[in-house]
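Chemist: Single-letter residue listing:
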Amino acid sequence: MEAFLDALTLQAGYNAALVAIGAALLGFAAGTAGSFLFLRKRALVSDAVAHATLPGVGIAFLIMVALGGEGRSLIGLLLGSALSAWIGLLLVEWIAHRTRLAEDAAIGAVLSVFFGFGVVLLTVIQTLDRGRQAGLEDFLLGSTAGMLLQDAQIIAIGGALVVAAIWVLRRPMTLVSFDAGYAAAMGVDTRRVDLAMMGLVMAVTVIGLKLVGLILIVALLIIPAVTARFWTNRVERVLWAAGAIGGVSGYVGAALSASAPDLPTGPIIVLIAAALFALSLLLAPARGVLAASLAHRRFQRRVHRRQGLLALVRGEPIHDPLTLRILRAEGLIRADGVATDKGRAHAAKIARDERRWDIARRVHQDTSLTGRYDGLTPIEDVFTADQIADFDARLGPPQPVGF
Amino acid sequence: MLDDFMTRATLAGIGVALAAAPLGSFVVWRRMAYFGDATAHAAILGVALSLALEISIFPGAVAIALLMALTVSTLSGRGYAMDTLLGVLAHSALAFGLVAVSFLSGIRIDLMAYLFGDILSVSRGDLAVIWGGAILVAGLIAWRWSALLTATLNEELAYASGIDPKREQLALTLALAVTVAVAIKVVGVLLIAAMLIIPAAAARPLARTPEAMALIAAGIGAAATVIGLRAAFVLDTPAGPSIVCVAALIFAMSSVVRALRGGLAR
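Chains as they are written, first to last, in my numbering: chain A, 1 to 403; chain B, 1 to 266.
Calculated directly from the structure, the hints in this document are not laboratory data. Heads up, some of the hints might be wrong.
Here are some chain B residues the structure puts well away from chain A; computed CB gaps all over 12 Å [what the hints assert, rightly or not]:
(1) Asp37
(2) Gly125
(3) Ser255
Which chain B residues stay away from chain A? Per the calculated CB distances, all over 10 Å, these [what the hints assert, rightly or not]:
(4) Thr10
(5) Val28
(6) Ile55
(7) Ser56
(8) Ala63
(9) Asp83
(10) Ala113
(11) Ala128
(12) Leu140
(13) Ala142
(14) Leu153
(15) Leu196
(16) Pro210
(17) Val234
(18) Val244
Here are some, though not all, of the chain B residues that point toward chain A, as calculated from beta-carbon distances under 7 Å [to be verified]:
(19) Tyr34
(20) His91
(21) Leu98
(22) Val99
(23) Ser102
(24) Ser121
(25) Ala193
(26) Ala194
(27) Thr237
(28) Pro238
Even for Gly, the Cβ is constructed at its ideal location relative to N, Cα and C.
Chain B on its own, in the form it takes in the complex (with noise of 0.2 Å):
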């Protein structure tokens, strides 16, 4: 059943969204959306130096997003404004792997594979490391279910229950790394911070509880998945740019129906 390259395409697109569901309902929450777009920037740093030491890109990419993502926590408590800061960081970071990239000869076109994703190309191998992470990200998510959702809601609230918010903070950057560094083969550096908050703010207007927003993002990012795939191979445009204007327009429909439900109840 591997043995179809669609197959295997879907199978990891859904890996992803999977993992990217639960992660980006937090992110939309915390409003660390700009911080997961930062993160995946500098992953691409993580490649270019992966590419240069012949070493497989997962690695390289989860070391560089954890070292991007924990300087960012450390300087934000200092005084520096955050989003500026994460903008100066997360573009040094790409430019830097962009040069670098640039000195390696003979790669150049596979750069655009990791900026924009390379669905169709997935291995068994990168199969297995990308539902791997999912799975991880996922496990780790619903271990640290209710103290998240506790450090999320209210800070003081978690200090009085014997949550300490920065030791959640650090699991949702963990997952965060990990998942930037699964889905760069799926939808690329670029998009990932699509497949974390399309979904998610999609599945909001739709979600009672945050438990079923977490699962109706899930739904969302997978159903993209398949129809921007099915779309691409059909229409013969990019795979993951596809699987995100599909998202997009998930995320058009849930605004309608939200903005006539209101409509309604007015």
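With the rest of the complex left out, here is chain A (with noise of 0.2 Å):
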């Protein structure tokens, strides 16, 4: 505990702070990044790109040992990443304009196959006696542990160039993502546009190898973009929401990994993420589980209230048990069923409204105010007093109700 703490605080060492700050600001730049993809409804095309990178990192590797370094370059090992991604990323879309295989098809088997060409070229390396291979299947489930200096230091700045450039494109992307038709009209290159997004996708993915690794950076991308999405409607604060929750996640998750020296990088980030994604479902207000089944507990609750009101107007008898529940934690009916006072009341009310309402669609041409009628929504909140008193002149005088 005291050494996640000491994590936590940026105690544990240069070396943990900087990748615990290097992950807070990938998970940032995933989060937004990731939020566009989402909004543009491509999340999953990242996911290609991600298993695409695999067999750019073998190669790079083999390149280097055969051009006489050791191979260990993180740099090099992440510009061959990179290529691979990218030519994964055009094959996806050869296969889906090309042919008749559909987006997902197309998606799935390019991954599954250079993700196996690329744990074919790790295996051959592995019997390689030349270079310095450990390490290499770090690259598949993220780790920490062992990370050099300089390795932390590429993943930090790389995350802040990407958090810039995210802060540089913000506006053509966002109206992309949120519209592509109204920004062509406006003149913006949805192309580019769509290729910078790519672009910004794969350089999250890239930089996020080592620390996440290329299985799991799918899930850092697309996480923070959904459980924002449960917070709010609007764009912008989607983006900055996800980009939080990204930068909370890839922080804390860091400073785990980094005070239990057996935990997994890549899961425990995204295992942070899950949770803040599973308490977003269920309490969200509007969109959340939890939000969702109370609304529609007090829906129901209203509707049987106005059966139970209307079923008393008209003197018929009550069995449904809810309906005689909700009338008596009220007061409107007594035990053993007869209306009461308030109850009559409250129901006459009904009963009257209800001929308002009979008269008002009968009269009244707007249907956008008569559309409302639904039985439940008060009239006195669709039409002003005088509207109701006309009503009311109409309705001739007062009949006695079946009580």
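Join these two chains into a complex; the hints should help.
Modeler: Okay, structure coming up:
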């Protein structure tokens, strides 16, 4: 616990602090870049991109060894991975456009083929007796253990650069991801913006390879955006909230994994993001499961209350147990089911409003007003007092209702 | 005959290919590619739980795969975007499984076997489970074939002929969960989607009827298994990914055939 607090407050050494900051920056970049993808409904393309990085890592290692190095330069490996990710992306586009296969099948095919080929390459590399191949498999699931100072610096600087790029490009990308047709009409080159978007996603993927690993980096792109979407309907807010969620996940995850050396970094970061997602799924106002079920219950109670009161008006017996319970709880009927004075008053009002609505729908031509009749909206909320007085004038004298 | 590990591996691979081919055809037609991938990813959580409880991985993987598939089916009707939901759930389950495994000491090396498959260590018992599962899946799909096809083609048509598309979807989900569980040993969690999609995608340009596509896909899957295993043996590469690489080559060749034929037709 103490080690975790140390790591959380950046007291666990220079390297760990740099890694935590790098992870926070990366998470922020992934969250915002992912929201653009999510809004553009292309979230899963990033999965293919991430898996397509693996052969690049292997080939870059082989080339660097062949040139006489030890093949461990992170920059070189990342360049290789970026190149093969780009090829994978082009292949997905090509298959989706030039064959009869749908985009999801194209993504699945490219993803698994590149990934399978990459694993074969890694295995071949393991059997080589040249270069220092230890640590290459960390690219699969991510690891901060044994990370060099230089690697941590690359991640921190890369994350900061991506965040800066997103800041510069946020307006055109918001426009395109929100409404591509409108953006094109405004004179924005949507193809180039899409390209820039995929470029940012690729940058996040490549920088995150060492930290989160290529299998789970997609999760860091998608989950913050989906989580943020639960809380707000505004594009700008989704962006920054997703960034914050990603940043917190990255920071806390890196600190946790630094404090317990056996915990794999990537899965821990993703798990924290997933926990935030689960909380939002349950608790978010308006879109959360809890809020939705509460709203449903409230609606159900209002319908039952109204049906019960209408039954009182018509003098019909009420059998539904929920209706009886609601009416009793509000003191509208007695325990033996007979209406109280208060119940009679409410029922009379509902019956009167019902007849007012009848008149309103007959005499009023404005369907945007009469269309709001759903039995639950009070008539006072829709029409002015003068209009209601007019309806009352047409109602004729009060009539007794059946009690 | 079953004493030789290569024979056992080949038989196991062919078993999976036979189950995956018809199912994979439906996955391609119904655009469920990501659904299959997500179910497979989630299965690693089942593997981790099985390891923790010290039971056979098969029931654990089937249970979690089914749970995942059913969760997605239920949530998808409620206005959440299906593909992102799959991405979130699948990767969360995968991350959870990986972390759970890291808490169990001593199986770190085993994990790679479940991620990428360990076809060369298939035992006679595994072989029985794989073929049992494969026959179950193939039987299920053969039994529901025409209903499944109608439901895939047109839901209204299916309703009109007295078929419940939801029930057919459930049958496919069940088949998918079983396939994922038996394929873990052969190609691993991360490459199961390849065994589903690639043979079916490669068979598509060569087939004129749905039945032919499923049969050709089975043939391609089996061929990829045999050649891939042979290549893995000769080149000393991992078996599961090698099988996928061969399947990819066959896919590339079939694309070329299609392109040439398209050129002649024009």
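Chemist: Against chain A, run the beta carbon of B/Pro238 and see if the smallest gap drops under 7 Å.
Modeler: With a closest approach of 5 Å, the B/Pro238 hint holds.
Chemist: Any Cβ of chain A at or closer than 10 Å to B/Leu196, or is the non-interface label fine?
Modeler: 8 Å, violated
Chemist: Would you assess whether B/Val244, listed as outside the interface, keeps its beta-carbon beyond 10 Å of every beta-carbon in chain A?
Modeler: Given a closest Cβ separation of 4 Å, the condition is violated.
Chemist: Please verify that hint: B/Thr237, Cβ, nearest Cβ of chain A, below 7 Å or not.
Modeler: 5 Å, holds
Chemist: Is it the case that B/Ala63 keeps its Cβ farther than 10 Å from each residue Cβ in chain A?
Modeler: 20 Å, holds
Chemist: Would you assess whether B/Gly125, listed as outside the interface, keeps its beta-carbon beyond 12 Å of every beta-carbon in chain A?
Modeler: Correct as stated: the minimum Cβ-Cβ distance to chain A is 26 Å, above 12 Å.
Chemist: Please check whether the beta-carbon of B/Ala142 is more than 10 Å away from every beta-carbon in chain A.
Modeler: 23 Å, holds
Chemist: The output says B/Ile55 does not contact chain A. Does that hold with a beta carbon cutoff of 10 Å?
Modeler: 23 Å, holds
Chemist: Go through the hint on B/Leu98 and say holds or violated, using the shortest Cβ distance to chain A against 7 Å.
Modeler: Where the cut-off is 7 Å and the nearest Cβ of chain A is about 4 Å from B/Leu98, the hint holds.
Chemist: When you look at the beta carbon of B/Ala128, is every beta carbon of chain A farther off than 10 Å?
Modeler: At about 27 Å from chain A, B/Ala128 clears the 10 Å cut-off, so the statement holds.
Chemist: Checking the smallest CB distance to chain A, is B/Leu140 really beyond 10 Å?
Modeler: 22 Å, holds
Chemist: Grab the minimum C-beta distance from B/Ala193 to chain A and call the hint holds if it beats 7 Å, violated otherwise.
Modeler: 5 Å, holds
The earlier numbered hints that this structure contradicts are 1, 3, 5, 9, 15, 18, 24.
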